Amino acid sequence: LVFTEEDKYDLYSNLLFKYFLAEGIVCGHELFVASAKEHPDNILKELPAPLLDDTCGKELGDEAAAAKSEDFQDSMKIAWRYQNLPKMETSPTTYTKFGHYYNVSKKMSPELCQSVKCHSFYLHDELSFEAKMKTWNMNSGYAKLLRSIQRIISQEGFDGSDPQRKQRNVLRIGIQSLGSVLWGDDICCSDTPEDAHSLTKFLYVLRGLLRKSLSACIITVPAHLIQNKAIMERVTNLSDMVVGLESFIGSERETNPLYKDYHGLVHVHQIPRLNSLICDVSDTKDLAFRLKRKLFTIERLHLPPDLSDTVSRASKQDLAGSAKLLSSGCGAMAIGKKHLDF
Amino acid sequence: QGKFTLLRDTRTDGSFLVHHFLSFYLRAGCKVCFVALLQSFSHYNIVAQKLGVNLAAAKERGQLVFLEGLKSCLDLLFGEEEQPGQPSPLQFLSTSDLRALFDFVRVSLTPADRDSWKGPVLLVDDLSVLLSLGAAPVAVLDFIHYCRVSVCCQLKGNIVVLVHSNEDSEDEENELVVNSLCHHSDLILWAEGLATGFCKDVHGQIKIIKRLSLRQAAEQDVVQIYQYKIQDRNVTFFARGLSAAVL
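Chains as they are written, first to last, in full-length UniProt numbering: chain A, 1 to 342; chain B, 1 to 247.
The set of hints was computed from the structure by calculation and includes no laboratory data. It is possible that part of the hints are untrue.
Unchecked claim - Restricting the straight-line Cα-Cα distance to at most 30 Å, the calculated cross-link-like pairs of lysine-lysine (DSSO-like) are:
#1 A:117 <-> B:71
#2 A:229 <-> B:207
#3 B:118 <-> B:59
What the hints assert, rightly or not - Looking from chain B toward chain A, a few residues come up when the C-beta cut is under 10 Å (computed):
#4 43
#5 71
#6 73
#7 74
#8 126
#9 134
#10 171
Claimed, not checked - Beyond 12 Å from chain A on every Cβ pair, some chain B residues (computed):
#11 104
#12 108
#13 119
#14 216
Given the structure is predicted, the values throughout are model-derived calculations rather than measurements. Note that CB positions come from ideal geometry on N, CA and C, so glycine has one too.
With the hints as extra help, turn the sequences into a complete structure.
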């Protein structure tokens, strides 16, 4: 269960969401898109086109081998793949192919979109609820969504309930802007919401559904709007992977020379620790993203050399402050409490 | 016998302690009731195999009673109407009442005639999830209290519970539960992230607090602090500052 905290204007998290869905199409998985904000068909029309291997190869000087992504037929786990970048290198040239690259400036062709089965859930189109569901004690929008997901999983056989099916596939679920007012939940509006447990109950049941079937899910949430931080903590505990996107638009960091190459930061709050005692922690926690004309890349953040003539105290403190923010990365491992001055 | 152990983690993941206790008690021949709310059975099974214990076999021979929270909640919400008189242990999802969960624990740990296991053990992973699912903090504390009376006092067994906490946490309900449990525990194992930040060789530090002051008025609590590193099949503990990377 991948939980993404949206950036303020929801530009980049939307992009990440579309990447997840586009990767699903290219890999031949089935999709399930749910949204209360825009109709899923519109979302599906705007997926980025995959970069064909040879053009990508020529651009980046890579080998032209078309690598298909891994076989997840035997996995019951949640897998998240960064299509564009692993965390180690700063640029995608030297790493072996894992997933696909996408061209943000071009839309995916409709034929490719049609090649997989897409299920959609648009909250405002859904009929009102049956009486039995009243026992759930949850926001009705969430309850409807859960019901819909469960129905698709059992009908299409993602939970292994139909032994006759030879070909097993993976279901990719994308849920946009969960927790926002459009879903009928008021945690984004007030400090003491009416039903503080709806979102967490929803996530728990969703987690159960994902664990029981061959599916992976990405959720984007406008975390900056949620007033009650206790909910965010509980939600982090219930998700496998939590990634936050912080864009520089409108913040003072936009003009900060440290960040001039990038459009925002990626905060990895938690990585999955499934089926083992340890988790795979990379060396660096400082990741930043940028949106070039064609590619959306996530790279290791390196600070440019301090070559200015006037090295003022203020900018040094800024640097220290942001370094502290950056290194408080992964929740599965230690988080620094104090910043040590060296 | 009759001890209540609290596993607590702050800024890191203390679930390795849960895996340890699970395999420890199973190997010791105790009857274990595992309320696993956060992860699926296969997750625990795979890790336990790395630690040398087979959970599926333990379940078969009746040594392990496994409540898989994620699966049970799906059965409750999506399944057919339940038979009357057999409420699901996860009923609190709709009724906010933890009594059914307690009954489940009590029934599974009460020794049957043919049982030859050494003392019963209740293991919970993790209690903070109950709060997320709508149970009130007082209800959670009551549940733990009932379990203590039943498991620790009447059946002379042990209880091990995992909770999450955070120093500057805004989750007051959680902090209330954790603080209250801390006061009543015989042993607290507190896994924390290092104050200095992330380190590849030292994954965190663990504080072992033996609460002698609980049993005898004049005694002081004994606190020991070690650092640890988690590996694939093992966790190594060492004194502070003496990690293998440094020596």
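| query | When the hints from earlier in the document are held up against this structure, which numbers fail? | reply | Those not satisfied: there are none.
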